[in-house]
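Novice: Based on the sequences and whatever the hints tell you, model everything.
Protein chains in written order, with this note's numbering: chain R, 1 to 279; chain H, 280 to 462.
Rather than coming from a laboratory, the hints here were simulated on the basis of the structure.
Keep in mind it's a predicted model, so treat the numbers as computed, not measured.
Accuracy of the hints is not assured; some may be wrong.
Taking CB as the label site, the calculated pair distances span [said to hold, decoys possible]:
(1) I126(R) - Q457(H): 52 to 62 Å
(2) K229(R) - L333(H): 28 to 38 Å
(3) E329(H) - K228(R): 19 to 29 Å
(4) T369(H) - R59(R): 35 to 45 Å
(5) T289(H) - T194(R): 51 to 61 Å
If you only want the chain R side, here are some residues facing chain H, beta carbon under 10 Å, derived [said to hold, decoys possible]:
(6) R43
(7) E53
(8) N54
(9) R60
(10) L63
(11) A64
(12) D108
(13) S109
(14) R119
(15) G121
(16) P124
(17) I126
(18) L240
(19) H270
Backbone N, C-alpha and C fix where the C-beta goes; we use that ideal spot for every residue, glycine too.
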Amino acid sequence: MKTIRERAIRECVRRLSLKANFSLRPDVKESLKRALAREKNPRARRILADLLENARIARRDSLALCQDTGMPVVFLEIGPDVNISGIDVQGAVRGGIAEAYREGFLRDSIIPDPLLRGRPGFSPGIVHANFSRQKGLKITVMPKGFGCENKTRLKMLVPTAGPGEVEDFVISAVHEAGPDACPPYVIGVGIGGTSDYACQMAKEALLRPLNRRSGLSHVARLENSLMKKLNKINLGPMGLGGSTSVLGVNISTYPTHIAGLPVCVNISCHVLRSASERL
Amino acid sequence: MNASKQIRLTTPFEPGILESLKAGDEVLLSGEIFTARDQAHKKLLGLLKEKAKLPLNLENKVIYYCGPTRRRPEEVIGSCGPTTSSRMDTMTPPLLKLGLKGMIGKGRRSEAVRQAIQKHKGVYFLATGGAGALLSKKVKSLRKVCFTELGPEAVCRLTVKDFPLIVGIDARGRDIFQRKGQK
Numbered sequence: 001m002k003t004i005r006e007r008a009i010r011e012c013v014r015r016l017s018l019k020a021n022f023s024l025r026p027d028v029k030e031s032l033k034r035a036l037a038r039e040k041n042p043r044a045r046r047i048l049a050d051l052l053e054n055a056r057i058a059r060r061d062s063l064a065l066c067q068d069t070g071m072p073v074v075f076l077e078i079g080p081d082v083n084i085s086g087i088d089v090q091g092a093v094r095g096g097i098a099e100a101y102r103e104g105f106l107r108d109s110i111i112p113d114p115l116l117r118g119r120p121g122f123s124p125g126i127v128h129a130n131f132s133r134q135k136g137l138k139i140t141v142m143p144k145g146f147g148c149e150n151k152t153r154l155k156m157l158v159p160t161a162g163p164g165e166v167e168d169f170v171i172s173a174v175h176e177a178g179p180d181a182c183p184p185y186v187i188g189v190g191i192g193g194t195s196d197y198a199c200q201m202a203k204e205a206l207l208r209p210l211n212r213r214s215g216l217s218h219v220a221r222l223e224n225s226l227m228k229k230l231n232k233i234n235l236g237p238m239g240l241g242g243s244t245s246v247l248g249v250n251i252s253t254y255p256t257h258i259a260g261l262p263v264c265v266n267i268s269c270h271v272l273r274s275a276s277e278r279l
Numbered sequence: 280m281n282a283s284k285q286i287r288l289t290t291p292f293e294p295g296i297l298e299s300l301k302a303g304d305e306v307l308l309s310g311e312i313f314t315a316r317d318q319a320h321k322k323l324l325g326l327l328k329e330k331a332k333l334p335l336n337l338e339n340k341v342i343y344y345c346g347p348t349r350r351r352p353e354e355v356i357g358s359c360g361p362t363t364s365s366r367m368d369t370m371t372p373p374l375l376k377l378g379l380k381g382m383i384g385k386g387r388r389s390e391a392v393r394q395a396i397q398k399h400k401g402v403y404f405l406a407t408g409g410a411g412a413l414l415s416k417k418v419k420s421l422r423k424v425c426f427t428e429l430g431p432e433a434v435c436r437l438t439v440k441d442f443p444l445i446v447g448i449d450a451r452g453r454d455i456f457q458r459k460g461q462k
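Specialist: Here it is as structure tokens:
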């Protein structure tokens, strides 16, 4: 058994929160570079170059990549050998977030009550805990900005619908987001499960490296097809046109019920942030 | 874009200068701008409704839809890119009526805002979303003005130098996104 202490979790969440906010994910940076090499629209090229420069400055000066340092979403994957009995995991995560956000001069964007609002602070984040067959405790911190989070769409399609209807829904969600949520986007899609699980899968799909396709061939085909179609809508960086409208389409699927086909689209702006470690 | 196409603008705007701008123009803005986003707008409108005096004079001013990160001691400001403008749409026309001339944000505006910009001969600028670290280097000073209880949503006066912008909606009501055939 591997006994994990509160302090180790807090420290890890702190490190990951800082890293995710200051250092652009290598796969995202790589896809911006590839987009810049391909893009022909001069204004789009200039914006893409600015985004790479922004990542360089953020890292150099420990400045947040984006002022919206998000609502931190923390994923815990608990392996069979992990012993976390008797410790306050939620409290440790919350503490790690608050320490990092204070120490890193990040933004206090979290208000204590959705209706009463109140004075903004640094925590809590959201914790998703899953059980895994892999050993150890994997912790991932994803600071999710709300410009793009606001563009999330869930649709319960009928069970007789197919990939065509799923594609139409994803494309309509991107059109609805339009220029507002900082394109080029990364599109996370969750298909199947229940409504809540489709939403969780859509967000988790954003954690997969952009250059890695789904292991299921029919899902990988859907990812490639959507990527191609979405890069033809001439949305472009900042919504000002160009062939770079999305940097990636990541789809996760799960078995579902005979009566339904849940689909959730969770859009990320080009500043897709996450960092992981295994304890 | 090549540098020759960039138009230098300074606040306070000279009378008539905004009418020479066209949607799509690239602008380097220098001078004073004021951060204000959702809750600050709500408060301003609340004060207007009560016919109370506003804590800042909006006449010929520019509002930046921005809530920066906290400032490191060695920096002027934290990361400070634009937030989504459309959330301020319903609260914008009354401020234009008060003399507000410019807004900086990202994304589309409503038809009512486009018409109000045209009527009051103002301008809506786009700043690059998700480039807050880069934009922070264009800010030369920051002073809190009001609503400090709102934390990052407080109204701050920023002095900027060559802040890079694109004209989104011009004083004649031309909209960069409509022109591109997008809704």
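Novice: Look at each hint and say if it fits the structure.
Specialist: Hints and how they fare:
A C-beta distance of roughly 37 Å is found between I126(R) and Q457(H), which places it outside the suggested range of 52 to 62 Å. Taking the beta carbon of each, K229(R) and L333(H) are about 48 Å apart, not inside 28 to 38 Å as hinted. The given range of 19 to 29 Å is broken by E329(H) and K228(R), whose C-beta atoms sit roughly 55 Å from each other. Between T369(H) and R59(R) the beta carbon distance is about 38 Å. The supplied range of 35 to 45 Å therefore holds.
The hinted range of 51 to 61 Å is satisfied by T289(H) and T194(R), whose Cβ atoms lie roughly 56 Å apart. Interface hint status for R43(R): upheld, as the beta-carbon distance to the closest one in chain H is roughly 6 Å, under 10 Å. At its closest, the beta carbon of E53(R) sits 6 Å from a beta carbon of chain H; the interface hint therefore holds under the 10 Å criterion. Interface hint status for N54(R): upheld, as the beta-carbon distance to the closest one in chain H is roughly 4 Å, under 10 Å.
Checking R60(R) against chain H: minimum C-beta separation of about 9 Å stays under 10 Å; hint holds. A hinted interface residue such as L63(R) counts as satisfied when its beta carbon comes closer than 10 Å to some beta carbon of chain H; here the least separation is about 4 Å, so the hint holds. Among the interface hints, the one on A64(R) holds; its C-beta lies about 4 Å from the nearest C-beta in chain H, closer than the 10 Å criterion. With a cut of 10 Å, the hint placing D108(R) at the interface with chain H holds, because the nearest CB-to-CB distance is about 5 Å.
Because the smallest distance between the Cβ of S109(R) and any Cβ of chain H comes to about 7 Å, under 10 Å, the interface hint for this residue holds. Interface hint status for R119(R): upheld, as the beta-carbon distance to the closest one in chain H is roughly 6 Å, under 10 Å. Taking 10 Å as the C-beta cut-off, the interface hint given for G121(R) holds, the closest approach to chain H being about 8 Å. Look at P124(R): its Cβ only gets to about 16 Å from chain H, farther than 10 Å, so that hint breaks.
Annotation: I126(R) was flagged as interfacial toward chain H, and the flag is violated, the nearest CB pair being 20 Å apart, outside 10 Å. Here the hint on L240(R) is kept, as its CB sits about 7 Å from the closest CB of chain H, short of 10 Å. This hint holds: H270(R) has a C-beta 6 Å from the nearest C-beta of chain H, less than the 10 Å allowed.
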